[in-house]
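Q: First residue of the sequence shown: 0, per numbering that gives the first Met the number 0; consecutive thereafter.
Source of the hints: derived by calculation from the structure; they are not laboratory data.
A couple of the hints might just be wrong.
[Said to hold, decoys possible] Label pairs and their calculated CB-CB ranges:
1. D45 - G98: 19 to 27 Å
2. E131 - S96: 50 to 58 Å
3. F36 - T99: 23 to 31 Å
4. N57 - T99: 34 to 42 Å
5. P66 - V114: 22 to 30 Å
6. K126 - I79: 13 to 21 Å
7. V51 - G98: 41 to 49 Å
Source: prediction; values computed, not measured.
Glycine included, each C-beta is placed from N, C-alpha and C at the ideal position.
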Amino acid sequence: MPSAAPTARRLPAGTLYRGREGMWSWVAHRVTGVLIFFFLFVHVLDTALIRVSPDAYNDVIASYKHPIMSVMELGLTAAILYHALNGIRIVLVDFWSKGTKYQAVMLRVIVVLWVALMVPSSYYLLKHAFLEVFGS
């Protein structure tokens, strides 16, 4: 007589992500790529606006001087920097014979480089916004 306990359905081996660093770097690379694409799309649109209406273009450019835009510039810088550094790591994994062996170490290196470059970038990108909001 078969047991009354329900049997768990098993997935074939190799089809379940475990959430390791490779998966998270893959997700972050795709997300930053999409964000950069949307930035470029908006940039092309606002630049093309000058042909339609120079006054509207000037209004859009003036809105970019708002302190919130400094935070968005910081996000754009963070996305571009991560995407570029991780892209180098992907090239090394793909074309270096020992790339797959050291992919986790290379990810840690790019995270350290990213933080080391973002700290001074954050200061310079947010300094204007901080002074604008809180005064000199």
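Q: Does each hint hold? Answer for all of them.
A: Against the structure, the hints come out as follows:
1. D45 - G98: 19 to 27 Å: Roughly 39 Å apart at Cβ, these two residues miss the hinted range, so it is violated.
2. E131 - S96: 50 to 58 Å: Holds: the Cβ-Cβ distance is about 51 Å, inside 50 to 58 Å.
3. F36 - T99: 23 to 31 Å: Taking Cβ atoms as reference, F36 and T99 lie about 28 Å apart, which means the hint holds.
4. N57 - T99: 34 to 42 Å: violated, 52 Å
5. P66 - V114: 22 to 30 Å: For V114 against P66, whose Cβ atoms are near 24 Å apart, the range 22 to 30 Å holds.
6. K126 - I79: 13 to 21 Å: holds, 19 Å
7. V51 - G98: 41 to 49 Å: holds, 48 Å
Checked against the numbered hints above, the structure breaks hints 1, 4 and satisfies the rest.
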